[in-house]
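Put chain R on the given structure of chain L with help from the hints.
Listed here are the chains, written in short residue letters.
There are 2 protein chains.
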Amino acid sequence: MDSRNLIRFLFFTFIIALLLLLTLTTIPLTNTGEPPDCAINSRWCTSKTRFFQPTIKQPPKPTTRIHTTDVPHHPLDPLTLTELDKVRSTLLENQLFLHSNTYALHSVVLEEPDKSFVLTWKPGDPLPARKASVIARVKSKIHVLTVDLGTGEVSPRDVGEHSGYPTMTMEDMTSLTWAPLGDAEFNRTIMARGVDLKDVSCLPISIGWFVKWANWEFHLKPDPRAGIVISRARVKDPNTGEMRNVMYKGFTSELFVPYMDPTDAWYFKTYMDAGEYGFGLQAMPLDPLNDCPRNAYYMDGVFAAGDGKPYVRENMVCVYESYAGDIGWRHSESPITGMEIREVRPKVTLVVRMAASVANYDYIVDWEFQTDGLIRVKVGLSGILMVKGTSYDNMNQVNEPENIYGTLISENVIGVIHDHYITFHLDMDVDGPDNSFVKVNLKRETTQPEESPRLSYLKAVRNVAKTEKDAQVKLKLYDPSEYHIVNPSKKTRVGNPVGYKLVPGGTAASLLDLDDPPQKRGAFTNNQIWVTPYNKSEEWAGGLFAYQSQGDDTLAVWSQRDRAIENKDIVMWYTLGFHHVPCQEDYPIMPTVSSSFDLKPVNFYESNPILNIPPHFEKDLPVCNAVAATA
Amino acid sequence: MDSRNLIRFLFFTFIIALLLLLTLTTIPLTNTGEPPDCAINSRWCTSKTRFFQPTIKQPPKPTTRIHTTDVPHHPLDPLTLTELDKVRSTLLENQLFLHSNTYALHSVVLEEPDKSFVLTWKPGDPLPARKASVIARVKSKIHVLTVDLGTGEVSPRDVGEHSGYPTMTMEDMTSLTWAPLGDAEFNRTIMARGVDLKDVSCLPISIGWFVKWANWEFHLKPDPRAGIVISRARVKDPNTGEMRNVMYKGFTSELFVPYMDPTDAWYFKTYMDAGEYGFGLQAMPLDPLNDCPRNAYYMDGVFAAGDGKPYVRENMVCVYESYAGDIGWRHSESPITGMEIREVRPKVTLVVRMAASVANYDYIVDWEFQTDGLIRVKVGLSGILMVKGTSYDNMNQVNEPENIYGTLISENVIGVIHDHYITFHLDMDVDGPDNSFVKVNLKRETTQPEESPRLSYLKAVRNVAKTEKDAQVKLKLYDPSEYHIVNPSKKTRVGNPVGYKLVPGGTAASLLDLDDPPQKRGAFTNNQIWVTPYNKSEEWAGGLFAYQSQGDDTLAVWSQRDRAIENKDIVMWYTLGFHHVPCQEDYPIMPTVSSSFDLKPVNFYESNPILNIPPHFEKDLPVCNAVAATA
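Taken in sequence, the protein lines are chains L and R. Per UniProt numbering, the first sequence starts with residue 1, numbered consecutively. Per UniProt numbering, the second sequence starts with residue 1, numbered consecutively.
Next comes chain L alone, as it looks inside the complex:
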């Protein structure tokens, strides 16, 4: 595997060099300072009642946030800059690290307190002991450690024996990026392409409790591997005023991006972007006004570099209120009733966004919270295709168009066919941790002779999944189901179990051979839906050490144990997929392609929870003028 790895790194470097050719200009960043005042930004403000203003009164003034004084306020708050410093100094004094100049910290993140603790913690309660979870490489050996920030104790954690390596550090990537430049032949090749190589540098990256928006409350933190982590998502019941649990934790667990070219320089291109590169590490500062609208609030990530030193990734996440002109609900009376009735409510949502640039590709991940209790998770793909050189400059030179592994997207450039799979860890806790997974199957029922002029109709048949294998789902258009996570102990007024359903949108399934090495590593894409019992160590669908792993620690392996999942603390996994046959429009930078799935209340509320929100009137809306008019 060593020579293949070298080839891989060479190509990685080469692609980066090519990317330099395609880049344009740099836009100066402006940071915006104040968190959104819910009283200004939302009419459904949970703290005060004020009319909605779709745009803020004054553009936020650019400021730079100082993180040296950050302190954690919530058990799930990520490690602060000061805490990251302390982790590093503690480790450097530890016997394991003493006299080692060659250590690298592959991951330094908060070791989250037990779920049972977090679920009972309330603001004002003391924080639990702050601990860091560290993945370190010392003298070529991997150690998974817990560092107690209070006592300074460093203790090893047994994660079992698995193939694979931890997420690359930014230093790994940088040094690997530079390594080929020591090779004169490589340099000659680059120069022959007229590429002026610029400096290549690296950066590694935490913060936050978001205040509350409308009827939602959740904890949001940047994470070096997952990107954005949403925890403790709770929504207000309009009848009781109670904040009700929906999801304990949701995040991008792994990505799988197999390219469809089996030839020498391409067969290994089957990336797992979270576990190999760090989805959060690759999230670059967002560009205000373009990545997010003017009313956005920005959050920084504070991460640790390979040597343990903390870095700040500015404007890594944005949060904004969005009004696209969509309708929350409406009803007009049909003209035949003759009644002039027209009740309509506009839809305003809260969007949490990050954009990760995993080398050439840009992934835009949105967590969208709606006032009707729906959570929409949307993934957008943009950026630069991974392309392949060819001697062809026109398709009329190609005898078998199927055999070029893609599309000739410009002269001498093939956009290679590939898939994108994004697997989400969705630890649903609907009104509490113990939930069941129910497939509500829509099944054709045939009527009996003389029963009805109808021959057939659809019946909804509820199947409660007892064990993990019952919950391995391949979606089928002609055998459709709804997928509910219900709390079997809690019923609505009229006796339906309270629940949320997973609503897949447009998606794609992996068609690779199950025994193909990439598919074994990406086996978490063998189904679109999985449900596992909660297990603190089962967070990363491709395995804790995804890099060069052989698939022995994936979601597919865990699920094969077929554990009981009925009325238990369960985790749902959903994979959003894209087949991508490139076209010329994707070149040189592709217009964003998006898909999404929803987590939607189903008999969670007693009735439409947004029936009572007020409509817009002219007086509620701001008056806008061109800048020129006000100058």
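Any given hint could be a false lead.
Because identical chains share one entry, a pair is satisfied inside a single copy or across any pair of copies.
Pairs of lysine-lysine residues, derived as DSSO-like cross-links and limited to a Cα-Cα distance of at most 30 Å, are as follows [what the hints assert, rightly or not]:
1. Lys439 - Lys388
2. Lys378 - Lys476
3. Lys619 - Lys269
4. Lys536 - Lys568
5. Lys309 - Lys378
6. Lys115 - Lys490
Think of the hints as simulated: they come from the structure by calculation, not from any bench.
Here is chain R on its own, set in the frame of chain L:
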């Protein structure tokens, strides 16, 4: 069938009566006067170059549009109020109508000139003879007539012999709505429910050429049966400046809404909302600020009532520029390259919207035009469920929950399971009328031993549909294809055929027995995609006379002829589907549920057509203040 129809009408009336209970207050309408000035509203303005302003300078002032002076400007402009009057007076003097007091005009719309004429017509050219297409009932007999508005000639049109009746007139619906009130027993039942029946009246309903937005140009008209008709959609090529043909005509051809309850009072509920009720006839005035944002421009519909008299449906369609905070394209350099490169362009789109209230349900239909050439057609469902009374007030009283045909959504109220299918007629003319339909199948290819460490990969295999049956498509997640409409005579610079692809989103397939009477009528939903050769008379997927038809004039019947479709003028049909298992949140008015499909350029452009649009800078954006601050 007569007694069934009576039952049907009784129920229809009863439901309307129930709706009265649920309605709230009336909001006064404000009309906005001026069409959007592209120079103000778009930075990609085709006529001038100005910076984009996401909100207009001043809120449009409410005006009432006068339609008596309307004149047609384009061959596809709908009949004006004056023309509708002339059709009526011409018919009343005609031998067929003389001395008949019982005639009814089921449809009076523009008889569109031949496609070949429209395709060569340019602004400034004289208009063709204006003709009306009339479906009239005289002494219980249906006549399909052409009225020449210039010569006054009335000529019958042979549409063949088919089962079924034309779309109900508003008068049909109104009189039917009143008929049951002559029945004392019926009235007693209503009064026993405490319902105060209000007057029931009816309205029937055209206009326009939309000027142009960004790189798009299209003709938009309200239609009594289809709702919105988009014609002659053309998009500018950024390289040549040429306006290129994309779609000759696109509209909602038919809806099919089968309810899944085979019992006596419910089995027949299998609505075809366009052909039976008139999707446009049921489109009520939009509510400014709530149905559409403040920057919306509104259009009226001018339709003919059953007696031929023209009526105006105010604010039936809105058109607005939308910015939801989404990203058109982006690329950031990965941190490992060390380059501070971050190029992002916001996505701004144009939305054309109508909302039809077919009795209880509200359908929101959006045609969204993107600057990257993509057309997204989105259907939203809101309004009031069709519900069924029950003696149950809690699920604990129900022994077999599967057998109540739905969900107990409130005490004594069952939301009955049903499907919604919306079938679109998409007459694609990609760079000209003669196109081909190509299935680009993604097929697993197994490698030969020793060929590669990979066992498998996906290959894109192009299959050009020769005849209609090749183009009858059931979507399959595990046998995926892209669906291209290409112009085989036109290639890109590097030799790819220019095309557009249909990109389905989340959808549903009808699972009813193919021999079930409702499915025979709704047989146009037997596949998700169909392609037929262009035929002026094949516009309505459920048949010209959908009402009580027996399925002898549907898309499925036409397609069965298996005509040649390669390199011909072809029409693509796509059906968007929803299974709806109601939940308590849907009651009493359901939060909007949406799904969509895209028509997307695929090697239509030489490269990303929006690469050169400029980013937002602070100076480009308007300054907004709360109304209070400016008062």
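Status of each hint after checking the structure:
1. Lys439 - Lys388: For Lys439 and Lys388, only the inter-copy Cα distance (25 Å) is at most 30 Å; the intra-copy one is 43 Å.
2. Lys378 - Lys476: For Lys378 and Lys476, the Cα distance is within 30 Å both inside one copy (21 Å) and across copies (22 Å).
3. Lys619 - Lys269: neither (56 Å within a copy, 43 Å between copies)
4. Lys536 - Lys568: within (14 Å within a copy, 60 Å between copies)
5. Lys309 - Lys378: Intra 33 Å, inter 49 Å, cutoff 30 Å: neither.
6. Lys115 - Lys490: within (21 Å within a copy, 61 Å between copies)
In the structure shown, a violation is registered for the earlier hints numbered 3 and 5, in ascending order.
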